[in-house]
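**Q** Below, each chain spelled out in residue letters.
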Amino acid sequence: MNRYADNSITTLQFIAIITGTQVSFGFIDIPYELHEHAGSDGWISLVIGWLVTTAASLIAIRLMKGYRQGTLLDLLAQYGGRWAGRAVACVLACYFAIFSYDGLIYSTRVIKSRILQETPIFITLFLILIPAYMVARNEVRNIGRYSEFALLASLWIPFIFSFTLRHANWLYLLPVLPGGWGPVLSTVPHTIYYFLSFFASVFLYPYLQKKERAGMAIVIALTLTLLSFLFISIVCFVFLSPDEFGTIYQPAIYLLKTVRLPFLEQVEGMFIVMYLLIFSIAWIPSLYFFSYSVNWTFGRTDPRLPLRLLIGTIIVSSYFYVPDYWQLIRLNKWLSGFGFGVEYVLPLLLLALLSMSKRYRAEVKQA
Amino acid sequence: MDLLRLLGIGRRIANTASGFGKRKSGYGYGSSDCISGNLDNDLKLLLALFTDTPDLNVRPLTIRATGRRAALVYLEGLTDKNSINNNILKPLLQNEEDGCGTTSVTVGRLNRMRRWIDIQSAVLQGSSILFVDGAADAQVHGTEGWPQRAIEDPQVETSLKGAHQGFVETLDQNIALIRRYLPHRNLKIKEQRVGRRSDTRVCTVYLDDVANMDTLAQIEGRIGKIDIDVIINSGELSELIEDDPYSPFPQILLTERPDTAASQIIQGRFVIVVDRSPSVLVAPVSFASFFQSVDDYSTRWSIATFIRFLRFFALLVAIFLPAFYIAVISFNFELIPLRLLLTIGEYRGIVPISPFLEAIFMELTLEMMREAGVRLPAPVGQTVGIVGGIVIGQAVVQAGLISNIMVIVVAFTAIASFILPNFDMVAAVRLLRFFMMIGAALFGIFGIMIGFMILIAHLISLESFGTPFGSPFAPVRFADWKDTMVRIPLWRMRKRPVSTKPAELNRQVAHRTEGEGK
Chain A
1 MNRYADNSIT TLQFIAIITG TQVSFGFIDI PYELHEHAGS DGWISLVIGW
51 LVTTAASLIA IRLMKGYRQG TLLDLLAQYG GRWAGRAVAC VLACYFAIFS
101 YDGLIYSTRV IKSRILQETP IFITLFLILI PAYMVARNEV RNIGRYSEFA
151 LLASLWIPFI FSFTLRHANW LYLLPVLPGG WGPVLSTVPH TIYYFLSFFA
201 SVFLYPYLQK KERAGMAIVI ALTLTLLSFL FISIVCFVFL SPDEFGTIYQ
251 PAIYLLKTVR LPFLEQVEGM FIVMYLLIFS IAWIPSLYFF SYSVNWTFGR
301 TDPRLPLRLL IGTIIVSSYF YVPDYWQLIR LNKWLSGFGF GVEYVLPLLL
351 LALLSMSKRY RAEVKQA
Chain B
368 MDLLRLLGIG RRIANTASGF GKRKSGYGYG SSDCISGNLD NDLKLLLALF
418 TDTPDLNVRP LTIRATGRRA ALVYLEGLTD KNSINNNILK PLLQNEEDGC
468 GTTSVTVGRL NRMRRWIDIQ SAVLQGSSIL FVDGAADAQV HGTEGWPQRA
518 IEDPQVETSL KGAHQGFVET LDQNIALIRR YLPHRNLKIK EQRVGRRSDT
568 RVCTVYLDDV ANMDTLAQIE GRIGKIDIDV IINSGELSEL IEDDPYSPFP
618 QILLTERPDT AASQIIQGRF VIVVDRSPSV LVAPVSFASF FQSVDDYSTR
668 WSIATFIRFL RFFALLVAIF LPAFYIAVIS FNFELIPLRL LLTIGEYRGI
718 VPISPFLEAI FMELTLEMMR EAGVRLPAPV GQTVGIVGGI VIGQAVVQAG
768 LISNIMVIVV AFTAIASFIL PNFDMVAAVR LLRFFMMIGA ALFGIFGIMI
818 GFMILIAHLI SLESFGTPFG SPFAPVRFAD WKDTMVRIPL WRMRKRPVST
868 KPAELNRQVA HRTEGEGK
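Protein chains in written order, with the working numbering: chain A, 1 to 367; chain B, 368 to 885.
Think of the hints as simulated: they come from the structure by calculation, not from any bench. These numbers come from a predicted model, not from an experiment. Heads up, the beta-carbon is just placed ideally off N, CA and C, and yes, glycines get one too. Take the hints with a grain of salt, since some may be wrong.
Chain A regions said to be covered by chain B (calculated; three or more residues, Cβ under 8 Å) [as the list claims (entries may be wrong)]:
1) 20-26
2) 42-48
3) 97-103
4) 138-144
5) 267-281
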């Protein structure tokens, strides 16, 4: 119990971790993704995706409500036995390991393609994993601090993008719903991937200082994510004509080519480097949750060993094999399905099982 | 037999003179470690303790009032002769009628001690001891009068409007200087002693209804754990008790200004005064504390705010500018506007060495000149400026070894690091600059960013006595932003900083509202 109290996180840190993880590479990718499937109406799918995710996240919070002594795994161990907890812990450890790997490879690819073309990927990975290890080996508190700092230090991003609005052509947003609701609705599952990781709240919940605000905090976090996605999508939609869209890779970065500051010629390069701060929130909490799950399974407390193993594996494996862009997309798709199972379905399932178990216990007690 | 016993005691005292914890608990001392009451024996033992101590003065005398034999013992240089002659020897030798005998001495502080270990330490700290034949305890007079300097203007932390008194090397005077600002009975002082040989007094000064008691326990605990022979000054103590010894950043603030110390105490922090050291330690502090200066509170708040911004900007410049120069010249030349690039290229063209070597060479030169300026005596110091300015600044460019732009970068960096108010922080910044330059030379702007992220990762995990060092930036404490980047008007600063976890948060009652007094 004390362990959680000593190292509590504030509501802002909670929001920062969740929003940061979601926004990170979604911000670069989502305009293209939305436009590919739903055209200029993609933003509607985004709003629907947000609604679905909010519901799912409230379920996750509901699951944790009333249980203040530990994380989801402790809760499961209490109701379903140690092995139920271990099973879920293994699934989650896999999930977070893949999630962080995906994030790492994605950012490294972006950096390799735009900044460090000559440097081998494993060196880039090694470099970005140094700060990641320094933060993730600590407790949740430090992850919270890192995330909130990163988020606050990146508040300049919307301003730099608003420079591109000079070239905006608002007519590109019209007509609304040319193909009916069909494409819009079928795009919703594609947005799921970018909302993943709100599930972190089941790990963060016991550390939260003001638990009664957890529901509100997660809605704020998701809304922030939605707003930033909406912002970048609409900025891209009004900047690029529908025909251009298919030909341009990572439009969010492309947009910045038009911005020129008096002291900075190429804002885009600077942006990618500075954006590393946000990128890093994608993998740092996931790395921590991974090591937490592994430790929980084996009943250990020091997060460093699993972290070192995972980080070592990632770096060494990247020396031999790194997924290329198309493989990465396939990995994303697959992860999106996995994530849907873990983050959307699993809490619902657990909640149902839990309430049944509670009711059963109450009945046994009465009898 | 007698000699053996004397030596035995002498050694035992010498051995245990060390651990003050042991001494306080009185562990291991039999009755034989007390003075005997027989003057001759006691003096013999005393001389056995203090062999080869020519400055030890033993003055045998007969107290006129009682007619008993006695001896006054003191160390020559550490005592105030005037006080000994006039206030101790004179009454003892001349006063006739005095019912209570030896109390006729006219000194303020008078103790009685019977254990050798205490007596020995009292002699060494500058007290004078009166042994009276037949008395079971010795009389200890506070006659300290060691060489000391007058109170002067602080040398390192100069200020325009602050007080012109700086701390000196005597603990009691330093505490008096603080007490002058806070004449309040809640100003408490915890005294501890550190150092087996130096037996240095270390006092923790705080306001007991404001400061956080958990932090006090931590500070006391850490000081209590130190077991070292000597600490010479407060910088050593700070290194012994700080949280992360491997961090480049100072985690304890050193100040030589009593007004700064007092204002830190009011904010709920602790001031640790170390005897013989002209600067005191302030803990717990956060990163932002190193960017505050006492002048900020006596200039207009808008100007103070501007200067605060300037300092944080200077921090960024001092750490990143040379690195950025290297990155832009050797890697990411697409980042800067073309015309600027052309200008740089024009000067860089003739320089035969790589930008990294160029930058390292110039930065090292700058550091050497700075160090030379600090170490050289003032009359010779001027030559550093001439040699540095003319020979290195001008000649090196004319010879085509270094580009003009590089000289500008170095000069700008130097100026930026000069405006940071805390010397220790500047030292950390100077060191970090080199790491950033290496990062930039290897990976360009990406290397700088990695350096920055490592810096952030390090800063957020630092703690200063249980309070986060990165506050109020990470963890974000908006309430404390009133006195970090901006300095809001003092009448609005109603609360103390929350980062010190004060027991009493409120500092002033709102006495004026906005617009009042127009």
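**Q** None of the hints should be skipped; say for each whether it holds.
**A** Taking the hints in turn, this is what the structure says about them:
For the region 20-26 of chain A, the stated coverage by chain B is not satisfied: 0 residues place a CB nearer than 8 Å to a CB of that chain, which falls below the threshold of 3. Taking a C-beta to C-beta cut-off of 8 Å, the region 42-48 of chain A contributes 0 residues in contact with chain B, too few for the three needed, and the coverage statement is violated. Given a C-beta distance limit of less than 8 Å, the hint that chain B covers the region 97-103 of chain A is violated, as 0 residues qualify and 3 are needed. Given as covered by chain B, the region 138-144 of chain A passes the check, having 4 residues with a CB less than 8 Å from a CB of that chain where 3 are the minimum.
Closer than 8 Å: that is the beta-carbon criterion, and the region 267-281 of chain A has 7 residues meeting it against chain B, so the requirement of 3 holds.
When each numbered hint is compared with the structure, violations occur for hints 1, 2 and 3.
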